[in-house]
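Each chain, written out:
There are 2 protein chains.
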Amino acid sequence: MKFSVTVTLKKDVLDPQGKVVQNTLVNIGIKNLKSIRQGKYFEIEVDESELLTAEKIVDKMCKKLLVNLVIEDYKINKI
Amino acid sequence: MKFSVTVTLKKDVLDPQGKVVQNTLVNIGIKNLKSIRQGKYFEIEVDESELLTAEKIVDKMCKKLLVNLVIEDYKINKI
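The listed protein sequences correspond, in order, to chains A and B. If you read the first sequence in the numbering used here, its first letter stands for residue 1, the second for the next number, and so on. If you read the second sequence in the numbering used here, its first letter stands for residue 101, the second for the next number, and so on.
Mixed in with the good hints, there may be bad ones.
[What the hints assert, rightly or not] If you want the footprint, here are the derived chain A segments under chain B, 3+ residues with CB under 8 Å:
id: 1; segment: 6-12
id: 2; segment: 19-26
id: 3; segment: 30-43
id: 4; segment: 58-66
[As the list claims (entries may be wrong)] For lysine-lysine, the following DSBU-like pairs were computed, each having C-alpha atoms within a straight-line distance of at most 35 Å:
id: 5; chain 1: B; residue 1: K134; chain 2: A; residue 2: K10
id: 6; chain 1: B; residue 1: K110; chain 2: B; residue 2: K131
id: 7; chain 1: A; residue 1: K78; chain 2: A; residue 2: K19
id: 8; chain 1: B; residue 1: K119; chain 2: A; residue 2: K63
id: 9; chain 1: B; residue 1: K163; chain 2: A; residue 2: K40
id: 10; chain 1: A; residue 1: K56; chain 2: B; residue 2: K164
id: 11; chain 1: B; residue 1: K164; chain 2: B; residue 2: K140
It is worth saying that the hints were derived from the structure and are not from the lab. Note that the Cβ used here is the ideal one computed from N, Cα and C, for glycine as well.
Looking at chain A on its own, in the form it has when it is part of the complex (with noise of 0.2 Å):
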């Protein structure tokens, strides 16, 4: 069973990279640009048949090692 996570700074954390990122397409000259925030992304494949379990593995990954979840928020998605 396949799992995608997206990790994303909470609402009120800076982002300077993502900061960065926007500062520079407005330097090559990219218009309408609003903002950008960056985040991480992982794709899990998990030996398991059952989704309840499966997805119970992955959010235990998720609260042990990907996420920091004092910064952080994160989404769990079957794909």
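Model the placement of chain B on the given structure of chain A, informed by the hints.
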């Protein structure tokens, strides 16, 4: 108009960063993990109300800066 962009390494490109994450997850006792690959994620807000035009702007950003087309694929979704 808001879009999400996920950037992933092409299928045949090695992902050393993902490999390290995978080994670490195994080491901290996660079972049933088959594979994990890491990518990038962007949330982009564009100041443009027409969907097609907005999508074109985001696509231009990807091609010009956000994605290395030699080794990476990308997907744009409206959110």
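> Has the given pair, B:K119 with A:K63, been kept, meaning a C-alpha gap of at most 35 Å?
Replying inline: holds (19 Å)
> Three or more residues of the segment 58-66 of chain A near chain B by CB distance under 8 Å?
Replying inline: holds (count 5)
> Quick one, are B:K163 and A:K40 close enough, alpha carbons at most 35 Å?
Replying inline: holds (19 Å)
> For the pair supplied as a hint, A:K78 and A:K19, is the alpha-carbon distance within the 35 Å limit?
Replying inline: holds (30 Å)
> Are there three or more residues in the segment 6-12 of chain A whose C-beta lies closer than 8 Å to some C-beta of chain B?
Replying inline: n = 3 at 8 Å, threshold three: holds.
> Within a Cα-Cα threshold of 35 Å, do B:K110 and B:K131 meet the stated pairing?
Replying inline: Holds, because 26 Å separates the two Cα atoms, which is no more than 35 Å.
> Three or more residues of the segment 19-26 of chain A near chain B by CB distance under 8 Å?
Replying inline: Answer holds; 3 residues pass the 8 Å Cβ test.
> Holds or violated: B:K134 with A:K10, Cα cutoff 35 Å?
Replying inline: holds (29 Å)
>> A:K56 and B:K164 were given as a pair; does the straight-line alpha-carbon distance stay at or below 35 Å?
In response: violated (38 Å)
> For the segment 30-43 of chain A, do three or more residues have a beta carbon lying closer than 8 Å to a beta carbon of chain B?
Replying inline: holds (count 14)
> Are the Cα positions of B:K164 and B:K140 separated by 35 Å at most?
Replying inline: Status holds; Cα separation ~16 Å.
The structure is inconsistent with hint 10 alone, although it conforms to all the rest.
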